[in-house]
Amino acid sequence: MRLFKKSAPEANRLEATIGSGDSGQALEAKSLSIFYGEFEAVKRLSIGFERKKVTALIGPSGCGKSTALRAFNRMNELIRGVRTEGEVSFRGVNVYDPDVDAVQVRRWIGMVFQKPNPFSKSIYENIAWGARINGYQGGFDELVENSLKQVALWDEVKDKLKESAYALSGGQQQRLCIARAVALKPEILLMDEPTSALDPISTAKIESLLDDLKKRYTIIIVTHNMQQAGRVSDKTGFMLLGELVEYSDTKELFFNPKDPRTENYISGRFG
Amino acid sequence: MSGREDFAVNLASRHARGDRWRLMFMLSTLLAIVFLGALILTIVDDAFGYVVMVDEVDQRSLVPDDERLESLDAEALRAVIDERLSPRRYRAIERERPFDERTAADLYDIVLYEIVKPRVAETYTLFESLFARRSIVEETTLAHPDGELVFRSWVNMRFLSTSQTARPLTTGVLTAVKGSILTISITILFSFPVGIAAAIWLEEYAGDNRLNRFIQVNIYNLAGVPSIIYGMLGLAIFVRGLERFTSGSAFGASTSGEVANGRTILSAGLTLAILILPVIIINAQEAIRAIPGSLRQSSLAVGATKWQTIWHQVLPASFDRILTGAVLAVSRAIGETAPLVVVGASTFLTQDPTGVFSKFTTLPIQIYQWTSRPQAEFRHISAAAIVVLLALMLSLNAFAIFTRNRLRRQKRFG
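Here the protein sequences come in this chain order: Z and R.
For the first sequence, the residue numbers in our numbering are 1 to 271.
For the second sequence, the residue numbers in our numbering are 1 to 414.
So here's chain Z without its partners, still in its complex pose (with noise of 0.2 Å):
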């Protein structure tokens, strides 16, 4: 148990490669497997993701590609019966390590959700909240501006500040929860299928905020619109059934596929 495990200068061993440790690629996953019980949904998953590009990973339902995304910031343990085997690589460390505290994972690499799920505070305190607990020094106003300007929702809410972040609509939601994502100044950004319950004016807000926030971060986003991985991404994974079928440059997997299952895939035979 955690609570009574961690000593301090073990916890912070992650802390302590941050900002140092500089291996070639920003996240990597070796032979990664997750299970669902006896139900293998992940299956030996090796993967890396370059620093500061948008990487879409597609497939059709059920094939893992959520499950995965979840698992590289330690995000499946909240599930219950869920097991995870093999390495994911961060700076230079397993976040898997017994000694590498999940908080720690969560803060560097952060992530955004299918359904805008905003805290029920204030606009403010949704992107504050987070730096504060985290024992953000600097000062929260910059921080909030900031944040709310990088996913251009300044304007709109400037005014508004103080009110419930549930009166924005759901596009503005889903850019809140990035903007509370990236007010950690987090490394990694993931993005689970984060237009899926967006209209397409909002999905297209969203879409054209990934290539600024690709300057600072990098980002790993799931998708089942494998037109919006083609407009958004660098590179594109394609899972089928639990394993990486093909992974390669977005324009070579869409014009070029090398494997059969990729190219009945986006030609839409299947999915």
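Fair warning: there could be bad hints in the mix.
As the list claims (entries may be wrong) - One side only, chain R facing chain Z, incomplete, derived with CB under 10 Å: (1) Asp208; (2) Pro292; (3) Leu295; (4) Ser298; (5) Leu300; (6) Ala301; (7) Ala304; (8) Thr305; (9) Lys306; (10) His312; (11) Gln313; (12) Pro316; (13) Ala317.
These aren't lab readings, by the way, just hints derived from the structure by calculation.
All residues carry an ideal CB built from backbone N, CA and C; glycine is no exception.
Since chain Z is already given, all that's left is putting chain R on it; use the hints.
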């Protein structure tokens, strides 16, 4: 491509069935309201009504011809007391508080209840008083020619503000009200924190293993255990086992002179707390469970620890429901009688409780005791006490609803 003939034409009968159910639901609600109304009517019926008062000593014999007892000043009242009060009662009352220090109203009370000694010869219910007034008047002028027919509210300021006495006209509920409030405060202070904490443990921390499932099942079972059994538990643990603490002797409270060996307000409050603990736990668990997982996920995803997630997100979002459940449980506890009888409530107590180590009686106990008295007046007095109990309960609920609404508003905009 018409598939019409494959489907029976039954829309009308489907609607009709729905309407029948709707009627059933409405009638059930109506029935509940009728019962509730009947309950309130019976109580109100007994709490107000005509009474025939007969004075043992004629008031007119005490005062000069052209005056009335009510309009006498302190000096004149003092004269009446000096002249008519028996020396024994005189000394007793003087010991309580010297006559010279008493106000005119005080002296009037003494003259009235110690010398005039009015007595209730006949009582009527509210409905009799309203609808059969004429026959009441006829009847009473015949039976009690020197009596006085007055409309009496058995719930009155005197009743609310005096301690218990043996006589129906002078008795009051203050002792029981104080006892109830003190007892329920102990109950709240103990059961809320413990119950909510246990619910948090069970929902957020406890794993899904055999031991925890066993605990969970037993909490559900405990919620159904008859309350008198909790009384036995309270007697064994608090009154006997922890007597040193519940009697206050461990804290040096024995000097107050009214120590009740473990049968104190503290024991009663703790017993009631244990009684409602399972209900509070179950309600709080359900409130916490109703918080969607997405809230916890979004909190953890910004690097919050489990405790920060619970404290800053889960509890604020569920607190209004936790409070509602807990207050309902407390409403039950206020009305509990059986366990307190076992724990050792005093049935006749003329001294108000001064603290948690005092002997106690509570409103339900007091009502129980009054209803078992043979005199007709006590039926009306217990009705009045029931009105007080209901008022106490409703004000607690109103306070809870008010707090909950405030919390909800904060939740929306906080």
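Against the structure, the hints come out as follows:
1. The closest approach between the C-beta of aspartate 208/R and any C-beta of chain Z is roughly 6 Å, which is under the 10 Å cut-off, so the hint is satisfied.
2. Checking proline 292/R against chain Z by beta carbon gives a least distance of about 8 Å; that is within 10 Å, so the hint holds.
3. Nearest Cβ of chain Z to the Cβ of leucine 295/R: about 7 Å, under the 10 Å cut. The hint holds.
4. The closest approach between the C-beta of serine 298/R and any C-beta of chain Z is roughly 4 Å, which is under the 10 Å cut-off, so the hint is satisfied.
5. With a cut of 10 Å, the hint placing leucine 300/R at the interface with chain Z holds, because the nearest CB-to-CB distance is about 6 Å.
6. Checking alanine 301/R against chain Z by beta carbon gives a least distance of about 4 Å; that is within 10 Å, so the hint holds.
7. For alanine 304/R, the interface hint holds, the least distance from its beta-carbon to any beta-carbon of chain Z being 6 Å, beneath 10 Å.
8. For threonine 305/R, the interface hint holds, the least distance from its beta-carbon to any beta-carbon of chain Z being 5 Å, beneath 10 Å.
9. For lysine 306/R, the interface hint holds, the least distance from its beta-carbon to any beta-carbon of chain Z being 8 Å, beneath 10 Å.
10. The restraint placing histidine 312/R at the interface with chain Z holds, with a minimum CB-CB distance near 7 Å, inside the 10 Å limit.
11. Given the 10 Å rule on beta carbons, the hint for glutamine 313/R holds: about 6 Å separates it from the nearest Cβ of chain Z.
12. Given the 10 Å rule on beta carbons, the hint for proline 316/R holds: about 7 Å separates it from the nearest Cβ of chain Z.
13. For alanine 317/R, the interface hint holds, since its Cβ comes within 10 Å of a Cβ in chain Z; the closest pair sits about 6 Å apart.
In terms of the numbered hints stated before, the structure departs from none.
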